[in-house]
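**Q** Residue numbers (the working numbering), protein chains in the order written: chain A, 1 to 145; chain E, 146 to 469.
Hints are computed from structural coordinates only; laboratory data are not their basis. One or more hints might be untrue.
No farther apart than 20 angstroms at their CA atoms in a straight line, the calculated lysine to aspartate or glutamate pairs in the EDC-like style are these [stated by the list, open to error]:
| # | chain 1 | residue 1 | chain 2 | residue 2 |
| --- | --- | --- | --- | --- |
| 1 | E | Lys345 | A | Asp118 |
| 2 | E | Lys345 | E | Glu335 |
| 3 | A | Lys67 | E | Asp288 |
| 4 | E | Lys322 | A | Asp118 |
| 5 | A | Lys76 | A | Glu86 |
| 6 | A | Lys117 | A | Glu16 |
| 7 | E | Lys322 | E | Asp343 |
| 8 | E | Lys256 | A | Glu16 |
| 9 | E | Lys322 | E | Asp288 |
| 10 | A | Lys19 | E | Glu335 |
| 11 | A | Lys115 | A | Glu16 |
| 12 | E | Lys340 | E | Glu313 |
| 13 | E | Lys256 | E | Asp288 |
| 14 | E | Lys256 | E | Glu335 |
| 15 | E | Lys469 | E | Glu313 |
None of these values were measured; they are calculated from a predicted model.
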Amino acid sequence: MEGKANTPVSSPGASEEQKRYAAVLGAMMKIGFVLLVITFILYLAGVPKPHVPVGDVSRLWGLKGEKYLEAIGVEKGWSWMGRLGEGDFLNFAPIALLASITALCYLTIIPIFIKKKDMVYVVLASLEIVILVLAASGVIPSGGH
Amino acid sequence: MSKKRALLFTIALIFLMTIFAVSMVQAATGESSPANPGGSDSGLVWWAWPIILFVVTFALGILAVLGGVGGAVLYTPIIGGFFPFGMDFVRGAGLLVALAGSLAAGPGLLKRGFADLRLAIPVALIASTAAIGGAMVGLALSDAIIQTSMGIAILAIVVVMFLARKSEYPDVQKADKLSSVLRISGIYHEPTSGKDIDWKIHRTIHGLVLFVGIGFMAGMFGLGAGWANVPVLNLVMGAPLKISVATSKFLLATTDTSAAWMYMNAGDVIPMIVVPSIVGIMLGSLMGVRILEKTKPSAVRVLVLVMLSFAGLRALLKGLGIWK
Numbered sequence: 001m002e003g004k005a006n007t008p009v010s011s012p013g014a015s016e017e018q019k020r021y022a023a024v025l026g027a028m029m030k031i032g033f034v035l036l037v038i039t040f041i042l043y044l045a046g047v048p049k050p051h052v053p054v055g056d057v058s059r060l061w062g063l064k065g066e067k068y069l070e071a072i073g074v075e076k077g078w079s080w081m082g083r084l085g086e087g088d089f090l091n092f093a094p095i096a097l098l099a100s101i102t103a104l105c106y107l108t109i110i111p112i113f114i115k116k117k118d119m120v121y122v123v124l125a126s127l128e129i130v131i132l133v134l135a136a137s138g139v140i141p142s143g144g145h
Numbered sequence: 146m147s148k149k150r151a152l153l154f155t156i157a158l159i160f161l162m163t164i165f166a167v168s169m170v171q172a173a174t175g176e177s178s179p180a181n182p183g184g185s186d187s188g189l190v191w192w193a194w195p196i197i198l199f200v201v202t203f204a205l206g207i208l209a210v211l212g213g214v215g216g217a218v219l220y221t222p223i224i225g226g227f228f229p230f231g232m233d234f235v236r237g238a239g240l241l242v243a244l245a246g247s248l249a250a251g252p253g254l255l256k257r258g259f260a261d262l263r264l265a266i267p268v269a270l271i272a273s274t275a276a277i278g279g280a281m282v283g284l285a286l287s288d289a290i291i292q293t294s295m296g297i298a299i300l301a302i303v304v305v306m307f308l309a310r311k312s313e314y315p316d317v318q319k320a321d322k323l324s325s326v327l328r329i330s331g332i333y334h335e336p337t338s339g340k341d342i343d344w345k346i347h348r349t350i351h352g353l354v355l356f357v358g359i360g361f362m363a364g365m366f367g368l369g370a371g372w373a374n375v376p377v378l379n380l381v382m383g384a385p386l387k388i389s390v391a392t393s394k395f396l397l398a399t400t401d402t403s404a405a406w407m408y409m410n411a412g413d414v415i416p417m418i419v420v421p422s423i424v425g426i427m428l429g430s431l432m433g434v435r436i437l438e439k440t441k442p443s444a445v446r447v448l449v450l451v452m453l454s455f456a457g458l459r460a461l462l463k464g465l466g467i468w469k
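Make the full structure from the sequences, and use the hints.
**A** Set out below in structure tokens:
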């Protein structure tokens, strides 16, 4: 470990890929949070009408996830996509957006690694995207009680 | 009152007023369910819970910043132990809380060069893969087993947090082979000393193996992983403390994303729990950063350890059926 005095105040550690990652992350994150708050307020206001009335959620939130889906008649996985017209499921759009940001950020930095001929990190970043897409896809069994 | 503080206050107020207004309308129209008003024989009207959740997570957000821990390690055992929500939903929300906190902090940490992408990418790949395994196991277990094992894990975390010493600039004589191949090293500017700090790491393989366990636990219990990331990055791999803390916070977004998707796909996400939690903990964290300037973090850290011990004990006894 070495300290060097009298050096510029800029951040020497922020590489091109870090700056790109930070820019994409910053923009997407702000959109995601704003949408999260807006869709939740709409949900509470009943616009559009939720699948489960807000006053009934408390009867279900103590259940196991699987029983909850059974009780509300919704299937596992991405079935919420077909229900975005319902106030409660509309909230899943910004939640899914927030959960997709990391993969999107990785996607945007791969070209920089390719440009730098940094093939090890091209492979690592690509593998990470594969892992995240696999987890998101629902093809991996997510438990059963 | 500064503009930022006024904005925080306004958002919090609008949020609380919306929940309150909806509940009033529901009470007037009789839409809520009188048979089970509080959801688990709690005796409270249903809408009290999201409001209490928001207030509690706001407080947890403040404490997390002051205590130097991620929000989820406090969130999951405390909300799981004292709220009428199923553990699946609490763990799903815990992961999303950790994810949201990491996303919010990420841009600043990366731009300043505190979080290091070259260090985070291999670590995140290992941890996020293991988190999927953890989520699969966690989702297949009963609430009682999860509560019991989480109680034990939380109490172990308290011991780790209590005993682990931190090293601001660990002495890394020579970078190991793997970190050299991956070119994991860097220079960051330390504003407090005005110096640029060169850093490199060692024991990379040891660290990566430990991240298998960290990722697995994050996915299984929905705890986030900051409590373990920092000691491994700092003490085992030899990254400077500032790089370790920042990279840990940043890589939570990747580790917890894979597990969060597993919980989402299993139907373990309820917006009425997730959104007040995320908004509460984020507003609390912003407030915590402001309070941090005027508080002694060491005193708060003791409080966090006491709270974690209590929450861990509660989870353990609840899981064993001793304290229902």
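**Q** So, for every hint listed, does it hold in this structure?
**A** Structure-based check of each hint:
A distance of roughly 19 angstroms separates the Cα atoms of Lys345 (chain E) and Asp118 (chain A); the hinted pair therefore holds under the 20 angstroms criterion. In summary, the hint linking Lys345 (chain E) to Glu335 (chain E) is supported, as the alpha carbons are separated by about 16 angstroms, within the 20 angstroms threshold. With a C-alpha separation of about 13 angstroms, the suggested pairing of Lys67 (chain A) with Asp288 (chain E) holds against the 20 angstroms cut-off. Straight-line distance between C-alpha atoms of Lys322 (chain E) and Asp118 (chain A) comes to about 17 angstroms, which keeps the hinted pair within the 20 angstroms bound.
Using a Cα cut-off of 20 angstroms, the hinted pair Lys76 (chain A) and Glu86 (chain A) holds, with the two alpha carbons roughly 16 angstroms apart. At most 20 angstroms may separate the alpha-carbon atoms for a hinted pair to count; Lys117 (chain A) and Glu16 (chain A) meet this at roughly 14 angstroms. A distance of roughly 18 angstroms separates the Cα atoms of Lys322 (chain E) and Asp343 (chain E); the hinted pair therefore holds under the 20 angstroms criterion. At most 20 angstroms may separate the alpha-carbon atoms for a hinted pair to count; Lys256 (chain E) and Glu16 (chain A) meet this at roughly 10 angstroms.
Between Lys322 (chain E) and Asp288 (chain E) the CA atoms are separated by roughly 44 angstroms; this puts the pair beyond 20 angstroms, and the hint is violated. Of the pairs offered as hints, the one joining Lys19 (chain A) and Glu335 (chain E) holds, with about 18 angstroms between alpha carbons and a cut-off of 20 angstroms not exceeded. For the given pair, Lys115 (chain A) sits about 11 angstroms from Glu16 (chain A) by alpha-carbon distance, which is consistent with the 20 angstroms threshold. A distance of roughly 14 angstroms separates the Cα atoms of Lys340 (chain E) and Glu313 (chain E); the hinted pair therefore holds under the 20 angstroms criterion.
At roughly 41 angstroms between alpha-carbon atoms, Lys256 (chain E) and Asp288 (chain E) are farther apart than 20 angstroms, so this suggested pair is violated. A hinted pair counts as satisfied when its Cα atoms are at most 20 angstroms apart, and Lys256 (chain E) with Glu335 (chain E) qualifies at roughly 14 angstroms. A distance of roughly 43 angstroms separates the Cα atoms of Lys469 (chain E) and Glu313 (chain E); the hinted pair therefore is violated under the 20 angstroms criterion.
In this structure, the earlier hints numbered 9, 13 and 15 are contradicted, and the remaining ones agree with it.
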